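*Asks:* The residues making up each chain are set out below.
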Amino acid sequence: MEHSIGTPTNATPHAPLDPPSAATQAGAATQARAARQARADWLITELGRLAAQAEDPNDRVRIRRTADSLTRLAAAFRP
Amino acid sequence: MAVSPHPTSVLELLAMSGETARALAGADQSAWNGHIIESSSAMLGLAHWDGTLYLDRESIVDPLRHLYEHAGASRPTPTLVAYRESLATLLHEHAHFLGPADATQEAAREAFTKLGGRQLEEGVTEAWAQDHLDDFIHRLGIDKVAPGIDSVRSNGYYAAFVPAVREITTDLDTRNGFPPGESLSLLNRQTAAGQFPLLVDLTYNAARLPDLEPPGTDTRSRLESILRSGLAHLETYELSPPDLATTNSLATANQVLAHLDHETRIAEANNTFSQPDPCVLPPPTRRIPSPHESALSGVSPPSTALPSAALPSTARASSATHLHPAHTHRSPRSAQSLERHG
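These protein sequence lines map, in sequence, to chains A and B. Take 1 as the starting number for the first sequence in the working numbering and just add one per residue. Take 1001 as the starting number for the second sequence in the working numbering and just add one per residue.
Just chain B, same shape as in the assembly (with noise of 0.2 Å):
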């Protein structure tokens, strides 16, 4: 007998959920150790840093068994949208697990208590989960088993971090010229501790910054402190309903992108104005004095009329003007743009 490329059980589709949600990612590796254990406490799911998948027996493991129990069968929509939730937290606990080939949970648990690592973390994991629900379904064959589940929505969470999340990998997409979603995909298949380096990276890569600034800058610490500051600081909303988490949460992301947006352009502007285009003529300038002129500065010109003293005042000014310009008054704007093009 042929065997089923799908889980016909809820052990077999808890065997196979890991390297589904792995694959479904393009991640390297899941750091689950193949251990599940049924919980009954407050939370519902946890990817614990040992690498054990805990699941709630009566909210997640029950409906994805009574799933199993009535293989084909119709069911009313609040059944289907129970085993939906129930995948969903799967899903999402998975993405928890999953990071880069040279990735180790000892980082990514030191990275999680870092201020704002654990915001991110979430947000981008339960959007991406969201996002690939229904792929994940399918993926495992579960359309089949119970007819409609795809048809149904089921409410998302972490209305605090998700549309921040959204909002600022939505723009961070737009601006590297990649594709909806991308953004968040990279980032999903890394642990917490590389989410921030890698979401400072997008940042600092979208803008020119990396074409004009030398190596050695902290421009790339100011813009991570940013983005951890505004990330950490979701966690005020995550108490409120969901309506007024998620209009804080967007109010709070485009504060982050109009401060990154403002500490790029300050780091460009220091930049273009250190190095100018070679293209573009620089602007109209004082003339700059040449090394005769500037040895001789002081010196008084010679003269077979009257002795300067003798002069009238205002005709010693005018003379002295014309005569010694390294020694009239420049302002630093002038000062810098004489130290550029000279």
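This is chain A alone, in the form it adopts within the complex (with noise of 0.2 Å):
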């Protein structure tokens, strides 16, 4: 999970105490980006596997369904 869903009884906003810099921010969106494609590779390995392995022909179709996503994910990763 990359990010976890908020709570209504946390939302009122703070500023930062210290705001980051800009080459933070930066950062961490690379770094963020990197782990999201990271994540969507391993995904479609690990798809094609469960895919393979499914009995169900049911399963297969969904597995296969979302291995498309994920696919189009790392392909805009991708130019």
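Among the clues, some could well be false.
[Said to hold, decoys possible] Taking beta-carbon pairs under 8 Å as the criterion, some of the chain B residues facing chain A (in silico):
#1 1039
#2 1044
#3 1045
#4 1107
#5 1112
#6 1113
#7 1152
#8 1153
#9 1157
#10 1158
The hints are simulated quantities; they were obtained by calculation from the structure and are not laboratory data. Every value quoted in this text rests on a predicted model; they were computed, and no experiment measured them. Glycine is no exception: its CB is placed at the ideal position from the N, C-alpha and C atoms.
Dock chain one against chain two, each of which comes alone in its own frame, and use the hints as you go.
*Replies:* What follows is the structure, encoded as structure tokens:
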């Protein structure tokens, strides 16, 4: 899981005490992007394995449809 | 010989499928470049960013080929279901290509990688394709080629994303006064680059905020953050069995909606507080000192009685409280109401 969902009990916005610099934010964004790309790659590999092992045809299709989405994501990361 | 308005072969079907999907969606354009590659891999269909459509030969194209090779014949339900699943994938992939007139695939691709971008687009695309599959089939005349195809049902997919997207868009329809399915259709006409801005607009406009908030507030960015985080979280359930994925998808959507509601109420309250309705009488507040009273505060009133130093302490306190309201302690709330009504 990359990000957990917030809860309504802690929704009031507060300015951070030490706002991150632009360089720190850019670094974090690059890191998050790399993490998502790595996760997509791992999932595609995993899904291929699961689809090959699935005995139920419905499960196989479901897994392959998920692979479609992650392949689209992986392609988006690699222009 | 007159040209048939409906495809009579798999090649004609595929050629006409893109424009049929675009027209059905009411989108300005499709990024499909007309090329189809029959693939053989883990995936079933892919709307590639270069505009090429990839379809799995065995699971998608071959059933459609079979459909036209046996045109008009009666077929068993499993065969009709297989056709339907192939067509559902075809429509789903074409929906990925849709966008407004000024959309680019470059911007769409970048947005797809952003937090929650894939989950939103897949949920929208699949939900919309499920809802419009029968219409797609009828527009292409497939119900004549495969009688009974519109009376069987096939599975939907993306159970981690679709229920949440339906829940959120249904809520937006209700709160914006749209007909059912309108928010979903509007989102489906956007690429990933336009989907989150539109979703935030629909959320923001459904509240009283457009009439209350001055420009330049960060409410929209807070709403977007809630939506992105919530939709990104759905990825957790992507490999779960469909029932579990559906349950968790709905629970997540309801958390998102509650969080959005909380955030908009805070923004509404903040702006209602600072911009009173001129038609509503203000609540009773402490009397506001006149400029003269303020200017004279701290100065002892003229008195013919005993000098103040000779007064009993209780009488002094009473006199000061009565004559010098500007020096009395005010809570922050009464201070605010003075600013508001002063």
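*Asks:* It remains to establish, for every hint, whether it holds in the given structure.
*Replies:* Comparing the hints with the structure gives:
1. 1039: 10 Å, violated
2. 1044: 5 Å, holds
3. 1045: 5 Å, holds
4. 1107: 11 Å, violated
5. 1112: 5 Å, holds
6. 1113: This hint holds: residue 1113 of chain B lies near chain A, its Cβ roughly 5 Å from the closest one there, short of 8 Å.
7. 1152: Nearest chain A Cβ about 15 Å off; hint violated.
8. 1153: 13 Å, violated
9. 1157: 4 Å, holds
10. 1158: Hint on residue 1158 of chain B: holds, closest Cβ of chain A at ~7 Å, below 8 Å.
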